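There are 2 protein chains.
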Amino acid sequence: MKSTSSIAPPSLSRAHVVIVGMGLMGASLGYDLRGHCRRVTGVVRREEAVAPTLARGCADEVTTDVAAAVAQADLVVLATPVRTILRQIDTLGPLMKPGAVLLDMGSTKTEICHQMQKLPAHVQAIGGHPMCGKEQAGLDAAEPGLYRGCIFVLCPLPRTTAETVALAQALIAHIQARPLFLDPEQHDRLVAAISHLPYLVASGLVAHVMDVAREDERVWQVAASGFRDASRVAASDTTMMLDILMTNRAAVLAALDGFLDQMQRLRRALEANEESFLQTRLAEIAKKRRDWQKNASTH
Amino acid sequence: MKSTSSIAPPSLSRAHVVIVGMGLMGASLGYDLRGHCRRVTGVVRREEAVAPTLARGCADEVTTDVAAAVAQADLVVLATPVRTILRQIDTLGPLMKPGAVLLDMGSTKTEICHQMQKLPAHVQAIGGHPMCGKEQAGLDAAEPGLYRGCIFVLCPLPRTTAETVALAQALIAHIQARPLFLDPEQHDRLVAAISHLPYLVASGLVAHVMDVAREDERVWQVAASGFRDASRVAASDTTMMLDILMTNRAAVLAALDGFLDQMQRLRRALEANEESFLQTRLAEIAKKRRDWQKNASTH
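Residue numbers (this note's numbering), protein chains in the order written: chain L, 1 to 299; chain F, 1 to 299.
For the record, the hints were derived by calculation from the structure and aren't laboratory data.
Keep in mind that the hints are not guaranteed to be accurate.
Identical copies carry no separate label here, and so any pair may be met within one copy or between two of them.
Calculated cross-link-like contacts (lysine to any residue; reagent style SDA-like; alpha-carbon spacing at most 25 Å) [to be verified]:
no. : residue 1 : residue 2
1   : K288      : R228
2   : K288      : S225
3   : K134      : A296
4   : K134      : W220
5   : K288      : A121
6   : K287      : T239
7   : K287      : S225
8   : K287      : R228
9   : K134      : Q293
10  : K134      : T110
11  : K134      : S225
12  : K97       : Q72
13  : K294      : A51
14  : K134      : A283
15  : K287      : R218
16  : K294      : E215
17  : K134      : K294
18  : K288      : R218
19  : K134      : R228
20  : K288      : D140
21  : K134      : A68
22  : K134      : A71
23  : K97       : L242
24  : K288      : E215
25  : K294      : D229
26  : K97       : P10
27  : K287      : A224
Here the structure is a predicted model, which means the values were calculated and not measured.
Chain L on its own, in the form it takes in the complex (with noise of 0.2 Å):
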């Protein structure tokens, strides 16, 4: 990343902050904005959306006018599904004023990144992943604090500057996440393991019990808390995991390949009646999930 630039950002809470989409990430990182920058300005889509959106207090100001928005922010933050953030960077990027920084919190960052570095050279731009997320999405489920704690991805590009860094590390220590800088390649073949592999399964998983109750309706009713927290992702916004998984698909092919190899091992063995292998392998997996449950509580 470059060291300078002619046109710095201004400090965090100088900064007039436009964040593009008041769903659930949106609303929420306006909560923990508001009152701590210059201003926050939330843009959404529908004429109807924004008197309900300012009542709730998340933005200074709520308008449909992206144009207008974008082009007075000195931080804008996309706040959209994927593919809409891709046209964005396209539509809204040019717009934006000198040493202005445009910040994404999409779910994949490799096709975001590529986009980004074709912005032009007045405008400072860095890739964005919080990890949290909630059952519920959309201005209803939104809350304050919603990122505390959480590790919150940066992918800066080889253009990016380190003002424009330390406005995002800014941001990250206000809303009290935890930065962690990945490449966007790397990050994408991460959360396939950890976040969209699990989404597939929990699919999986639902269309398999969907199969077994046009045999017996009953296996609804017998389907308790383990199949309710195995199952939960599958129940996540269509349209927002398809983008994910039609701008991860290299990366979630592969690790769908490694989660159905693992699959087959443990189908071969309960097959073959090895329980000995079987308990070695399940207690070192059990151990595992739960240190990483221990470590991950302690943060």
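We have chain L already, so just place chain F on it with the hints.
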């Protein structure tokens, strides 16, 4: 099931109930039954467990002398892992007094009900499986009200009398669970899909992340709530789960194959870029998952 028996069991309120195994399930049952039955005896394996279990207040008395306890019982509830239950049916059943009832709470039912069929004619028996659980196991995790709202599967044997079924139903009503009658084979097929398969799948997910971590340890850092929920059951007690898998192999293998088939379909569609198929299919699955959750939480 038979309609009458020469020696009928007493009503639940007059029954001396002996619970064998004071872990999560046994001790929780003890909390709910104590004071509502003539006497609740808890049986533990180790002498050191007697005092702490008694101190919890989940039984009127606690003992390691399972033979003496069972000989006095009107109702014996086996709350141990499946293969321990299989042995206990053999060793404890013959010690029970005429007309006494044996109920188990094991997670698979075919082998258990088969074993129950071999009990001496003077002992009544019925298979049971409450569909509830918690992340933690053991006495410390036990609590009053654990069974409230849960499905409690009952598998009467051909030789089970109506009075025995009525006693089991009275117990289920008292703990505010909901009875569901299933034959043992069907129970095992259904729970393979919604419990045993999700366990193996969660284990496969963790195993894949362990593979990824060998290349980049940071994968554990980026893992968030989606991975946490999808993989939670992988942390289950391995001994308990092995008992389940080994006594339900055929149904688990069939569930695995159905699931792997679903995963291959999703994989092929992603590889072939069939976005509209994925959109339709994943939206249908997401809707089913949301509908199930809605219905499940209204019970």
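So, going through the hints one by one against the coordinates:
no.: 1; hint: K288 <-> R228; verdict: both (22 Å within a copy, 12 Å between copies)
no.: 2; hint: K288 <-> S225; verdict: both (21 Å within a copy, 16 Å between copies)
no.: 3; hint: K134 <-> A296; verdict: both (17 Å within a copy, 19 Å between copies)
no.: 4; hint: K134 <-> W220; verdict: both (24 Å within a copy, 19 Å between copies)
no.: 5; hint: K288 <-> A121; verdict: neither (46 Å within a copy, 48 Å between copies)
no.: 6; hint: K287 <-> T239; verdict: between (35 Å within a copy, 13 Å between copies)
no.: 7; hint: K287 <-> S225; verdict: both (21 Å within a copy, 18 Å between copies)
no.: 8; hint: K287 <-> R228; verdict: both (22 Å within a copy, 14 Å between copies)
no.: 9; hint: K134 <-> Q293; verdict: both (18 Å within a copy, 15 Å between copies)
no.: 10; hint: K134 <-> T110; verdict: within (24 Å within a copy, 39 Å between copies)
no.: 11; hint: K134 <-> S225; verdict: both (17 Å within a copy, 8 Å between copies)
no.: 12; hint: K97 <-> Q72; verdict: within (7 Å within a copy, 85 Å between copies)
no.: 13; hint: K294 <-> A51; verdict: neither (43 Å within a copy, 30 Å between copies)
no.: 14; hint: K134 <-> A283; verdict: between (30 Å within a copy, 18 Å between copies)
no.: 15; hint: K287 <-> R218; verdict: between (33 Å within a copy, 18 Å between copies)
no.: 16; hint: K294 <-> E215; verdict: between (40 Å within a copy, 22 Å between copies)
no.: 17; hint: K134 <-> K294; verdict: both (20 Å within a copy, 17 Å between copies)
no.: 18; hint: K288 <-> R218; verdict: between (34 Å within a copy, 14 Å between copies)
no.: 19; hint: K134 <-> R228; verdict: both (15 Å within a copy, 12 Å between copies)
no.: 20; hint: K288 <-> D140; verdict: between (35 Å within a copy, 22 Å between copies)
no.: 21; hint: K134 <-> A68; verdict: neither (31 Å within a copy, 52 Å between copies)
no.: 22; hint: K134 <-> A71; verdict: neither (32 Å within a copy, 52 Å between copies)
no.: 23; hint: K97 <-> L242; verdict: neither (32 Å within a copy, 62 Å between copies)
no.: 24; hint: K288 <-> E215; verdict: between (37 Å within a copy, 16 Å between copies)
no.: 25; hint: K294 <-> D229; verdict: both (18 Å within a copy, 14 Å between copies)
no.: 26; hint: K97 <-> P10; verdict: within (13 Å within a copy, 84 Å between copies)
no.: 27; hint: K287 <-> A224; verdict: both (23 Å within a copy, 18 Å between copies)
Hint check: violations occur at hints 5, 13, 21, 22 and 23; the rest are consistent with the structure.
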